[in-house]
Amino acid sequence: MNRFLDVWRHSVLGRHLLTALIGLAVVVVVLESVGDFRALQLAAMAYLGIAAGGLTVLTGINGQISLGHGALMAFGAYTTALLLDDPTSSMPISLVVLASTAVALLVGTAVGVAAARLHGPYLAGATLALAIAVPGIALYFGSFLGGEQGLRVSLPDVPVWALDLEYLLTGTEMSRSQYVAYLGWITLIVTFVLLANLARGRVGRRWRAVRDDEVSAELAGIQLGRARISAFMVSAAAAGAAGSVLAITARLAAPSGFTIVLSLTLLTAVVLGGLGYLSGALIGAGLLTFLPPFVTRIGGDAGLSDIRAAELAPLVYGLVMVLVILLAPAGLVGTTRMSLAGRRARRQMAAAGAAGATTGSPGTTAPHDSSDEHDPGTPQASGSTTPKGSTR
Amino acid sequence: MLTLDKLTAGYGPVTALQDVTFSAGKGQITAVLGANGAGKTTLLRTVSGLHRPESGTISLDGQPLRKVNAEQMPALGMVHVPEGRGVITELTIEENLRLGGLAKGGKLRSEDLERVYELFPVLADRRASLAHTLSGGERQMLVIGRALMSEPRLLLLDEPSLGLAPRIVAQIFDLLRGLVDDQGLSVLLVEQNARSALSVADHGVVLNLGRVVADEKASVLAADDQLRHAYLGF
Amino acid sequence: MQQLVNTALGGLTLGAVYAAFALALVLIFRSTRIVNFAQAPMAMVTTFIALTLIDAGYSYWIGFAAALLSGLVLGAVIERVIIRPVEDKPEINAVILTLGLFITLHALAAVIFGNRFRSFPAPFGLRGLEVGGTTIRLTTSGIFTIAAVATVMVLLLLLFRYTDVGLRMRASAYNPEVARLLGVRVGRMLTLGWALAAVVGSLSGLLIASGGLVHPGYMDSIVVYGFVAAVLGGLESPVGAVVGGLTLGLSLSFVSGYLGSELVALAALLILMLVLTLKPGGLFAVASARRV
Ligand SMILES: Nc1ncnc2c1ncn2[C@@H]1O[C@H](COP(=O)(O)OP(=O)(O)OP(=O)(O)O)[C@@H](O)[C@H]1O
Ligand SMILES: [Mg+2]
Chain Z
172 MNRFLDVWRH SVLGRHLLTA LIGLAVVVVV LESVGDFRAL QLAAMAYLGI
222 AAGGLTVLTG INGQISLGHG ALMAFGAYTT ALLLDDPTSS MPISLVVLAS
272 TAVALLVGTA VGVAAARLHG PYLAGATLAL AIAVPGIALY FGSFLGGEQG
322 LRVSLPDVPV WALDLEYLLT GTEMSRSQYV AYLGWITLIV TFVLLANLAR
372 GRVGRRWRAV RDDEVSAELA GIQLGRARIS AFMVSAAAAG AAGSVLAITA
422 RLAAPSGFTI VLSLTLLTAV VLGGLGYLSG ALIGAGLLTF LPPFVTRIGG
472 DAGLSDIRAA ELAPLVYGLV MVLVILLAPA GLVGTTRMSL AGRRARRQMA
522 AAGAAGATTG SPGTTAPHDS SDEHDPGTPQ ASGSTTPKGS TR
Chain F
28 MLTLDKLTAG YGPVTALQDV TFSAGKGQIT AVLGANGAGK TTLLRTVSGL
78 HRPESGTISL DGQPLRKVNA EQMPALGMVH VPEGRGVITE LTIEENLRLG
128 GLAKGGKLRS EDLERVYELF PVLADRRASL AHTLSGGERQ MLVIGRALMS
178 EPRLLLLDEP SLGLAPRIVA QIFDLLRGLV DDQGLSVLLV EQNARSALSV
228 ADHGVVLNLG RVVADEKASV LAADDQLRHA YLGF
Chain A
71 MQQLVNTALG GLTLGAVYAA FALALVLIFR STRIVNFAQA PMAMVTTFIA
121 LTLIDAGYSY WIGFAAALLS GLVLGAVIER VIIRPVEDKP EINAVILTLG
171 LFITLHALAA VIFGNRFRSF PAPFGLRGLE VGGTTIRLTT SGIFTIAAVA
221 TVMVLLLLLF RYTDVGLRMR ASAYNPEVAR LLGVRVGRML TLGWALAAVV
271 GSLSGLLIAS GGLVHPGYMD SIVVYGFVAA VLGGLESPVG AVVGGLTLGL
321 SLSFVSGYLG SELVALAALL ILMLVLTLKP GGLFAVASAR RV
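Protein chains in written order, with our numbering: chain Z, 172 to 563; chain F, 28 to 261; chain A, 71 to 362.
In short, the hints are calculated from the structure, not lab data.
Hints should not be assumed to be uniformly reliable.
Cut-off 25 Å, straight-line C-alpha distance, at most; resulting in silico cross-link-like pairs (SDA-like, lysine to any residue) [what the hints assert, rightly or not]:
(1) A:K159 to Z:R288
(2) F:K134 to A:D234
(3) A:K159 to Z:A380
(4) F:K53 to F:R238
(5) F:K134 to A:R258
(6) F:K131 to A:F230
(7) F:K131 to A:R258
(8) A:K159 to Z:L490
(9) A:K349 to Z:V284
(10) A:K349 to Z:R288
(11) A:K349 to Z:T280
(12) A:K349 to F:T116
(13) F:K134 to A:L228
(14) A:K159 to F:N96
Please build the complete structure, drawing on both the sequences and the hints.
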């Protein structure tokens with residue numbers, strides 16, 4: 172137990188790996204206790220979570236906004252569909268996911284290079300243009316990419332070792348849906364460990380420095396362009412992995428799956444959860460997955476037709492997004508964290524005051540909890556300190 | 028005319044003005060002097076409603092200005108010409124002046140425009156050019172002209188001499204003196220250029236680190252060697 | 071030859087609509103430094119309001135006027151209630167806010183008006199005019215589109231150049247603090263700017279819808295084309311937006327006519343990236359140093 176605490180306290184990687192192990196255990200317990208329908212829902216949550224995690228790194232930690240991540244997911248999804256096209260191929264599924272990640276990484280590098288100089292509304296507009304341009308590629312190369320109908324994804328058989336392992340552990344057969352859900356969640360855990368390590372390390376510090384203040388970052392010897400592009404690459408790679416899981420879950424890669432709506436949905440997940448927190452991205456993805464059926468049922472009960480009731484969910488998250496920015500710009504996780512930290516700081520100050528210590532003005536005891544996650548309470552949605560009108 | 032009573036203002040933890048108390052008399056030029064960072068700009072911004080004071084009162088003709096916004100000041104007869112002049116460079120010279128004429132609310136009067144053009148013939152010649160084509164001195168004429176468009180009773184000027192040749196400064200100060208003497212205008216003149224300011228002002232207030240350290244007739248201040256050396260640098 | 075002329079004419083009509091939309095974006099950007107991505111669903115909502123009235127038996131023109139009027143109100147309310155609080159915050163907050171608004175209006179329209187394609191009437195004929203024995207691809211509706219956009223441009227120009235309120239609006243956009251010191255109620259001018267922009271946006275929504283199909287998402291790509299057009303013109307100049315809109319309409323019409331309509335959005339993306347890389351201040355910028 173003491174060793175365990177030691178690792179927790181002193182090694183970032185160790186802490187992340189332990190969290191990952193605990194996460195894996197939770198995933199196993201949950202997936203073993205749910206049916207096929209829920210398993211597929213959880214798989215959907217996984218791909219939204221992976222993409223949102225990548226977007227959180229980009230937007231929350233590096234301060235770049237992207238409305239084109241849905242398009243980057245499309246690259247991952249189509250790669251997966253093409254690689255799984257041949258039912259006789261024996262390419263392991265992990266390689267398929269990796270290859271899809273690599274393709275999105277390549278595309279993301281190009282986009283990142285082009286976008287590195289852009290800020291705020293310019294970056295948003297350019298990535299939005301990407302989001303509406305990419306589906307057109309699938310249509311243009313219709314004979315190869317399936318046009319409007321898209322490509323069906325044939326899921327390979329569950330590997331024997333997985334079946335065996337499942338049987339040994341639980342004494343039951345693994346269903347395909349379960350297999351897909353495991354695939355999604357293991358991808359998510361691996362992605363999150365990598366993202367968390369990057370965000371906590373030197374690279375992450377650079378990303379944050381660039382986000383917070385470009386001029387000082389540059390003075391500190393950070394190459395702005397390189398930091399921006401690397402953040403975009405990492406985030407695009409995550410989107411590629413997410414697209415791959417999406418294709419496998421939905422068994423389809425079609426242009427209609429990668430509209431602006433998907434890109435905006437990802438942004439919603441990130442904002443809802445709290446910009447800059449991986450855990451927030453996961454919570455956001457959970458909300459996006461489980462809120463719609465719930466809200467749709469309420470709408471149906473209230474007498475709306477199914478199609479209209481289905482639109483209540485986006486209505487809710489659109490509204491929540493507006494409210495989050497207006498009332499709690501740090502999002503769910505960020506706001507809770509800040510209020511906890513604030514309470515802790517107040518308590519400390521009260522204690523210090525009682526002890527008669529008069530040093531340390533209120534301005535200097537920042538509620539900064541460094542032992543915690545990636546981003547100790549950025550007060551705004553992002554730390555981008557560029558005031559509007561600086562170009563005036 | 029304008030009375031400040033125990034005015035305190037700052038920016039978060041920074042206190043820029045501390046218990047500032049003085050009055051600017053009617054039909055007079057009151058110079059506010061002090062080194063960089065003394066709080067002069069903050070003083071004007073607080074008086075004109077751009078910056079919220081922490082405490083204290085500001086009154087114009089005995090009426091406290093607590094609830095008055097910056098955009099209502101011209102209607103009360105007070106116009107603030109900000110530091111760095113505040114020419115709207117994207118508008119033409121005439122448009123800048125028209126804005127001044129609209130400041131009180133209501134319609135523009137063409138005789139006001141003609142009066143200002145008479146005062147500054149340079150502006151008349153170039154009325155249709157964009158204001159960013161003007162030189163520093165011309166810009167200063169433009170903003171003073173623009174302020175005069177609304178026929179103010181009190182003019183707040185923030186460092187009008189900044190970056191101008193001594194000859195132009197003298198010209199502008201002469202003009203101010205003329206307006207004060209002939210038309211009963213009152214001026215609150217913030218300056219670092221203490222020597223020129225005191226030569227034109229009736230009264231002087233010296234600020235140091237946000238506090239009033241002297242409040243005297245201009246001629247008295249100019250003659251006080253010790254004070255001049257300590258705070259005014261000449 | 072005939073195809074060339076037709077493609078150009080089609081591009082001009084489309085360009086007029088892009089120009090109007092770009093103008094709506096520019097009007098807001100130059101006073102608040104916000105690109106209003108929600109302009110697209112705002113225009114969509116007002117077009118649905120028009121359609122509802124027309125379907126209820128009122129004339130096309132009643133619907134048209136109602137759409138513009140509701141645009142005016144919607145723009146003012148949104149600025150006042152939602153945008154005002156983030157006007158002095160980091161720019162990313164406003165971006166996310168307008169996107170949240172985008173999703174909200176989109177979903178709201180789908181709940182209220184339904185999520186299917188509905189046809190929208192055209193005020194005038196949709197058949198190509200006959201010139202010298204051949205039919206060209208310029209319809210009466212197309213002429214109406216160009217005339218409507220031109221009229222709005224002229225009206226806006228007159229407003230900004232020759233009226234007191236126009237002068238106050240420009241002053242608030244260029245230098246809000248000095249404007250305040252000159253008695254301008256800057257907040258009110260911003261609200262007015264948003265309201266006017268929303269009217270122009272609604273107009274472009276109506277013009278695109280005329281004789282076509284509407285759907286909660288039918289304006290989504292227009293916001294991108296409008297943005298590209300606005301950036302072509304420098305994002306701050308109303309005249310630039312108009313020229314940018316026409317340029318883009320023509321270019322995209324040629325891409326669509328000669329390369330394939332699937333590539334239109336990709337071409338827009340390429341044009342945008344080229345401009346941002348080579349002339350970030352827009353095609354007509356004198357100085358090229360500018361943060362984008
Ligand atoms: N926006 C601001 N935020 C924080 N501190 C400020 C701000 N503006 C001024 N200060 C501080 O308030 C104090 C007074 O500044 P102010 O601009 O009023 O001085 P000033 O007398 O006008 O100086 P100068 O002659 O250089 O114009 C200074 O210490 C300055 O650093
Ligand atoms: Mg100053």
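Here's how the hints hold up against the structure:
In summary, the hint linking A:K159 to Z:R288 is supported, as the alpha carbons are separated by about 21 Å, within the 25 Å threshold. Between the alpha carbons of F:K134 and A:D234 the distance comes to roughly 8 Å, so the proposed pair stays at or under 25 Å and holds. Distance hint between A:K159 and Z:A380 is fulfilled; the C-alpha atoms sit about 19 Å from each other, no more than 25 Å. Of the pairs offered as hints, the one joining F:K53 and F:R238 holds, with about 23 Å between alpha carbons and a cut-off of 25 Å not exceeded.
Distance restraint check for F:K134 and A:R258: the Cα-Cα separation of roughly 18 Å lies within the 25 Å cut-off, and the hinted pair is therefore satisfied. A hinted pair counts as satisfied when its Cα atoms are at most 25 Å apart, and F:K131 with A:F230 qualifies at roughly 20 Å. Taking the CA atoms of F:K131 and A:R258, the gap is near 16 Å; set against the 25 Å cutoff, the hint holds. With a CA separation close to 19 Å, the supplied pair A:K159 and Z:L490 stays within the 25 Å bound.
At roughly 17 Å between alpha-carbon atoms, A:K349 and Z:V284 fall within 25 Å of each other, so this suggested pair holds. Between A:K349 and Z:R288, the direct Cα distance comes to roughly 13 Å. Compliance with the 25 Å bound is thereby established for this hinted pair. This hinted pair checks out: A:K349 and Z:T280 have alpha carbons roughly 22 Å apart, not beyond 25 Å. Of the supplied pair hints, the one linking A:K349 and F:T116 holds, its CA atoms being roughly 23 Å apart against a limit of 25 Å.
Among the hinted pairs, F:K134 with A:L228 is consistent with the structure: their alpha-carbon atoms are about 18 Å apart, no more than 25 Å. Distance hint between A:K159 and F:N96 is fulfilled; the C-alpha atoms sit about 22 Å from each other, no more than 25 Å.
Hint violations for this structure: none, all hints satisfied.
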